[in-house]
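Taking the hints into account, I'd like the entire structure generated from these sequences.
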Amino acid sequence: MRDDSREKRRAITELLFGIFLLALLIVLFVMVMTYQPVARRAPLTVMIPLFVMLAAQLFIFYRRLKKLQSHQINDGKTEISIFKTRKLRKVLVITLFIISLMALIYLLGHVIGMAIFLIVFLRLVSRERWVLSLALGIGVPVALYLVFEKLLHIMVYPGIIHRYF
Amino acid sequence: MSIFEALLAGLYTAVSLEVLPFVVIGALLGLVIGIIPGLGGHFAMAMLIPFVFRMSPATGIAFVLAAHASVAQGGGITAILFSTPGTGQNAATIFDGPPMTEKGEGGRAVGAAMTACFLGALFGVFVLTLLLPVLRQVVLVFGPPEFFMLAVLALTFIAVLSDKGININKGLIAGFLGILFSFVGMCNVTGVRRFTFGQLELWGGLPIVPVMLGFFAVAEMIHLWVEGKSLASKASSLNFAGLQKQIFQGVLDTLRRWRLVIRCSAIGTTIGLIPGLGSASAAFLAYAHAKQSSKNPDEFGKGAIEGVIGPESANDAVEGGALAATVAFGIPGSSSMAILLAILVILGVQPGPNLMLNNLDLVFVMIWTVVIGNFIGTIAGMFVANPLTRVTFLRSSVLVPVLLIIVFTGAYVVHGVYGEVIITFVFGLLGYAMKKLDYSRPALIIGLILGVMVEKNYYLALKLYGSTFFMQPVALIIMIITVTVFFYNIFKLVQSQRRNYTRAG
Numbered sequence: 001m002r003d004d005s006r007e008k009r010r011a012i013t014e015l016l017f018g019i020f021l022l023a024l025l026i027v028l029f030v031m032v033m034t035y036q037p038v039a040r041r042a043p044l045t046v047m048i049p050l051f052v053m054l055a056a057q058l059f060i061f062y063r064r065l066k067k068l069q070s071h072q073i074n075d076g077k078t079e080i081s082i083f084k085t086r087k088l089r090k091v092l093v094i095t096l097f098i099i100s101l102m103a104l105i106y107l108l109g110h111v112i113g114m115a116i117f118l119i120v121f122l123r124l125v126s127r128e129r130w131v132l133s134l135a136l137g138i139g140v141p142v143a144l145y146l147v148f149e150k151l152l153h154i155m156v157y158p159g160i161i162h163r164y165f
Numbered sequence: 001m002s003i004f005e006a007l008l009a010g011l012y013t014a015v016s017l018e019v020l021p022f023v024v025i026g027a028l029l030g031l032v033i034g035i036i037p038g039l040g041g042h043f044a045m046a047m048l049i050p051f052v053f054r055m056s057p058a059t060g061i062a063f064v065l066a067a068h069a070s071v072a073q074g075g076g077i078t079a080i081l082f083s084t085p086g087t088g089q090n091a092a093t094i095f096d097g098p099p100m101t102e103k104g105e106g107g108r109a110v111g112a113a114m115t116a117c118f119l120g121a122l123f124g125v126f127v128l129t130l131l132l133p134v135l136r137q138v139v140l141v142f143g144p145p146e147f148f149m150l151a152v153l154a155l156t157f158i159a160v161l162s163d164k165g166i167n168i169n170k171g172l173i174a175g176f177l178g179i180l181f182s183f184v185g186m187c188n189v190t191g192v193r194r195f196t197f198g199q200l201e202l203w204g205g206l207p208i209v210p211v212m213l214g215f216f217a218v219a220e221m222i223h224l225w226v227e228g229k230s231l232a233s234k235a236s237s238l239n240f241a242g243l244q245k246q247i248f249q250g251v252l253d254t255l256r257r258w259r260l261v262i263r264c265s266a267i268g269t270t271i272g273l274i275p276g277l278g279s280a281s282a283a284f285l286a287y288a289h290a291k292q293s294s295k296n297p298d299e300f301g302k303g304a305i306e307g308v309i310g311p312e313s314a315n316d317a318v319e320g321g322a323l324a325a326t327v328a329f330g331i332p333g334s335s336s337m338a339i340l341l342a343i344l345v346i347l348g349v350q351p352g353p354n355l356m357l358n359n360l361d362l363v364f365v366m367i368w369t370v371v372i373g374n375f376i377g378t379i380a381g382m383f384v385a386n387p388l389t390r391v392t393f394l395r396s397s398v399l400v401p402v403l404l405i406i407v408f409t410g411a412y413v414v415h416g417v418y419g420e421v422i423i424t425f426v427f428g429l430l431g432y433a434m435k436k437l438d439y440s441r442p443a444l445i446i447g448l449i450l451g452v453m454v455e456k457n458y459y460l461a462l463k464l465y466g467s468t469f470f471m472q473p474v475a476l477i478i479m480i481i482t483v484t485v486f487f488y489n490i491f492k493l494v495q496s497q498r499r500n501y502t503r504a505g
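Chains as they are written, first to last, in the numbering used here: chain V, 1 to 165; chain Y, 1 to 505.
Don't take each hint at face value.
Restraint ranges, calculated between C-beta atoms of paired labels, are given here [stated by the list, open to error]:
| no. | chain 1 | residue 1 | chain 2 | residue 2 | range |
| --- | --- | --- | --- | --- | --- |
| 1 | Y | E227 | V | F29 | 32 to 42 Å |
| 2 | V | L146 | Y | S467 | 57 to 67 Å |
| 3 | Y | L255 | V | P49 | 45 to 55 Å |
| 4 | V | A56 | Y | Q199 | 25 to 35 Å |
| 5 | Y | K295 | V | A135 | 54 to 64 Å |
| 6 | Y | T129 | V | R89 | 44 to 54 Å |
Hints in this document: simulated from the structure, not taken from any laboratory. For glycine and all other residues, C-beta sits at the position ideal for the given N, C-alpha and C.
Structural data, given as structure tokens:
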């Protein structure tokens, strides 16, 4: 039964991803119809078979899901939600942290943003000691700054905060 | 420039004071990356992209190729000592490497693996060197119809012959999606801006470096974070005393089995020529051959040294074959070659016929870099295996955030545009989803790289030869091969599904 639940979660995830790709394809199709004929020839040549393949894949996922649902023993308990799996929670956590990293970089610039991100992440999420968190949190951004700005003469992003100082 | 002149010029450049230090640093970095399970050759190359911008073409190519060349050595060390392949191409070494370690012969296995890797790489580049005069003539025959069909063949092969070979439809979806993404930006025929969503940053197309970084580096980091809490769990119980003495014994063992090395290297080089098969396939095929041709096949799986030598020779010999298609035709056969192609373009070098005809010395810089990089990786791997393995103790909870900030810094410095950091993130999520759901990432990346070439050559072929352009002799042969391989694999898939259905019934 545990295997069935895992299979079902997998089938749902596949279906959702397929639907996402199909939605993206539809948006791009609407856009491409506004271009001149020569410009839309190549994209349409690719989109049409892609649409057929995606539709076929979605049909396969849907059938698999239906099959799994018909096999599932209904014992009256609530079905396991795909959002309650440990791995998916970990994916959501790391995604949120990456978004926060991007926001920190955008606002405070690379060096300060990275330092704050590393110290917070290592200390609170990875539960490392303060010494290691601070050492890496300060050392790595400084090292990157030295390598890119001083050695390679490539500027790192200064952040929105730069406008005010 | 003749082949011999280019060979000497390439050697002179590769060992120059400007290039050689980067070869050494690249090789050592590649060795360390290879040792860390979950990070492979394509990750090493993607991570180094931001650092090559200010380098000369020879230095940049040498830096990245040297890193890629030594990744397999690092992966072999962890495969043998910790039963954890550092990279996918070392997976076949798991069968006999760890059993040798359990018998107290880990050092011997490491020495044999390192030597086999180096000899395999030598064989691969030797074959590439022999092919160069032939390829130089062949590329002159190729025009727009031939290049178009070749790109279609490469994409079909990648989609159909991907590492897992699980789902041809998914492979094709990934390939077509990659080609569709390549149309973002200005149409190179009409100048119309396509799929830019009003964003100035997309006028020039999807920037390849942030896409690569997201697809391979960020996706791997997400995967590492989700899956791994410890990269190697058996280290504390192993005794590394005496490792060094055994390593030299392993070197001699490989040299004594030179015929096996040559045969397995030949398998690897041939596989490398075929887009989509990958070095993991070469390693497994070579393992199967080593077992078949052994006088003691029953020893395999229990610690037979041939079971280490075979796959390790093959997985490094793949490079020579893979480089041949990439530099001659500009058609990458794997993710690593796609990244190399992107790097060549970044450094202002146009891959394909132009490289073969006018920059042959650069091709030989690549060849010599593979040799020197492998040599450094082999020597370093043998002498510092013991301390290097401590890298596997790194927790993913520390490694992931550090590597993430390096990746996002790299994504920004390419063009100094913050929007590319967002592109890296988006493709990181897409890459992770594709990895988990078994869509072929190499197919998408290669579609992205080849898409522009496909459209341009399609347009030119139509203009020059009309709608029957595929009837040109060479183009027709390539098309027949493509169609045959495609339908043969469909047929095999249908047969295997029927067999499974019959068994279940």
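Consistency of the hints with the structure:
| no. | hint | result |
| --- | --- | --- |
| 1 | Y:E227 to V:F29: 32 to 42 Å | holds, 36 Å |
| 2 | V:L146 to Y:S467: 57 to 67 Å | holds, 58 Å |
| 3 | Y:L255 to V:P49: 45 to 55 Å | holds, 52 Å |
| 4 | V:A56 to Y:Q199: 25 to 35 Å | holds, 32 Å |
| 5 | Y:K295 to V:A135: 54 to 64 Å | holds, 55 Å |
| 6 | Y:T129 to V:R89: 44 to 54 Å | holds, 52 Å |
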